[in-house]
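Given these sequences and hints, build the entire structure.
Chain order of the listed sequences is A and B.
Here the first sequence stands for residues 24 to 140, where the numbers follow the working numbering.
Here the second sequence stands for residues 660 to 772, where the numbers follow the working numbering.
Among the hints, a few may not be true.
Pairwise CB distance ranges, derived in the manner of DEER restraints [claimed, not checked]:
{"#": "1", "chain 1": "A", "residue 1": "GLY78", "chain 2": "B", "residue 2": "ALA673", "range": "51 to 61 Å"}
{"#": "2", "chain 1": "B", "residue 1": "GLU712", "chain 2": "A", "residue 2": "GLY78", "range": "30 to 40 Å"}
{"#": "3", "chain 1": "A", "residue 1": "ALA52", "chain 2": "B", "residue 2": "GLY675", "range": "26 to 36 Å"}
{"#": "4", "chain 1": "B", "residue 1": "SER745", "chain 2": "A", "residue 2": "THR92", "range": "36 to 46 Å"}
{"#": "5", "chain 1": "A", "residue 1": "GLY24", "chain 2": "B", "residue 2": "GLU734", "range": "23 to 33 Å"}
{"#": "6", "chain 1": "A", "residue 1": "GLU25", "chain 2": "B", "residue 2": "LYS760", "range": "16 to 26 Å"}
{"#": "7", "chain 1": "B", "residue 1": "ASN710", "chain 2": "A", "residue 2": "GLU28", "range": "46 to 56 Å"}
{"#": "8", "chain 1": "B", "residue 1": "GLN700", "chain 2": "A", "residue 2": "VAL77", "range": "25 to 35 Å"}
{"#": "9", "chain 1": "A", "residue 1": "GLN37", "chain 2": "B", "residue 2": "GLY711", "range": "18 to 28 Å"}
Below, computed lysine-lysine pairings styled on PhoX-like, alpha-carbon distance capped at 20 Å [stated by the list, open to error]:
{"#": "10", "chain 1": "B", "residue 1": "LYS760", "chain 2": "A", "residue 2": "LYS60"}
{"#": "11", "chain 1": "B", "residue 1": "LYS668", "chain 2": "A", "residue 2": "LYS65"}
{"#": "12", "chain 1": "A", "residue 1": "LYS65", "chain 2": "B", "residue 2": "LYS760"}
{"#": "13", "chain 1": "A", "residue 1": "LYS60", "chain 2": "A", "residue 2": "LYS132"}
{"#": "14", "chain 1": "B", "residue 1": "LYS716", "chain 2": "A", "residue 2": "LYS117"}
{"#": "15", "chain 1": "A", "residue 1": "LYS81", "chain 2": "B", "residue 2": "LYS760"}
{"#": "16", "chain 1": "B", "residue 1": "LYS716", "chain 2": "B", "residue 2": "LYS760"}
{"#": "17", "chain 1": "A", "residue 1": "LYS80", "chain 2": "B", "residue 2": "LYS760"}
{"#": "18", "chain 1": "A", "residue 1": "LYS132", "chain 2": "A", "residue 2": "LYS45"}
{"#": "19", "chain 1": "B", "residue 1": "LYS760", "chain 2": "A", "residue 2": "LYS117"}
{"#": "20", "chain 1": "A", "residue 1": "LYS80", "chain 2": "A", "residue 2": "LYS60"}
{"#": "21", "chain 1": "A", "residue 1": "LYS65", "chain 2": "A", "residue 2": "LYS80"}
{"#": "22", "chain 1": "A", "residue 1": "LYS81", "chain 2": "A", "residue 2": "LYS132"}
Some chain B residues flagged as far from chain A (calculated, every beta-carbon gap over 10 Å) [said to hold, decoys possible]:
{"#": "23", "residue": "PRO667"}
{"#": "24", "residue": "LEU670"}
{"#": "25", "residue": "ALA673"}
{"#": "26", "residue": "THR674"}
{"#": "27", "residue": "ARG677"}
{"#": "28", "residue": "ARG685"}
{"#": "29", "residue": "GLN703"}
{"#": "30", "residue": "GLN707"}
{"#": "31", "residue": "ALA715"}
{"#": "32", "residue": "GLU721"}
{"#": "33", "residue": "SER724"}
{"#": "34", "residue": "ASN736"}
{"#": "35", "residue": "GLU759"}
{"#": "36", "residue": "LYS760"}
{"#": "37", "residue": "VAL771"}
Derived from the structure by calculation, the hints contain no laboratory data.
Being a predicted model, the structure only gives us computed values, none of them experimental.
Ideal placement from N, C-alpha and C gives every residue a C-beta, glycine not left out.
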Amino acid sequence: GENVEQHPSTLSVQEGDSAVIKCTYSDSASNYFPWYKQELGKGPQLIIDIRSNVGEKKDQRIAVTLNKTAKHFSLHITETQPEDSAVYFCAASKGAYSGAGSYQLTFGKGTKLSVIP
Amino acid sequence: DSGVTQTPKHLITATGQRVTLRCSPRSGDLSVYWYQQSLDQGLQFLIQYYNGEERAKGNILERFSAQQFPDLHSELNLSSLELGDSALYFCASSVGGREEKLFFGSGTQLSVL
Numbered sequence: 024g025e026n027v028e029q030h031p032s033t034l035s036v037q038e039g040d041s042a043v044i045k046c047t048y049s050d051s052a053s054n055y056f057p058w059y060k061q062e063l064g065k066g067p068q069l070i071i072d073i074r075s076n077v078g079e080k081k082d083q084r085i086a087v088t089l090n091k092t093a094k095h096f097s098l099h100i101t102e103t104q105p106e107d108s109a110v111y112f113c114a115a116s117k118g119a120y121s122g123a124g125s126y127q128l129t130f131g132k133g134t135k136l137s138v139i140p
Numbered sequence: 660d661s662g663v664t665q666t667p668k669h670l671i672t673a674t675g676q677r678v679t680l681r682c683s684p685r686s687g688d689l690s691v692y693w694y695q696q697s698l699d700q701g702l703q704f705l706i707q708y709y710n711g712e713e714r715a716k717g718n719i720l721e722r723f724s725a726q727q728f729p730d731l732h733s734e735l736n737l738s739s740l741e742l743g744d745s746a747l748y749f750c751a752s753s754v755g756g757r758e759e760k761l762f763f764g765s766g767t768q769l770s771v772l
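See below:
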């Protein structure tokens, strides 16, 4: 099955600096790569996602890059703010199969990001 | 607020007992997924239902079972509980079909004593 490795497990940055979290996946058939942010006491929240036919996607201060050949993808957060402090999870899935979707995600172990004011 | 509702938020029980976790998906979502989150294993996919039918199975123990009802809410039943079953259980929902975005509830924290 799919295996997703995520690094680093913890990351501390100064407010205003950039943060980068990296993930690798094992199954070359995976084609959908979302990133989730989990705040304390809450469920994971989708913040950005990318499909395998796209190399990069941006949404304001957040960007994700994908290298299919190397089977790795990264989350970039620029101009970090204290409210960015949370646990971030990468995930991978093979997308839909035969009709109704089965988007079971394989998650990385998470990165605890701390933004120091 | 994701629109996915999970109850109860916290559950404390003893080994050997049985509990039921409940999930109401977002309005219009046909798929429900259950995930288990623990410190050592991270987020593990358990099972998915689509419009009342089981669609995919992950690392779900035989002591665990789930179902999705006609009104699309879902229940996860955990029986013969062990200490190691203590974890945060999340429900997520998606539209189904070609929609891949999952929306997670706030979870049920299960403590087995």
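Numbered hints the structure breaks, given as an ascending list: Those not satisfied are hints 3, 7, 9, 21, 22, 29, 30, 31, 35 and 36.
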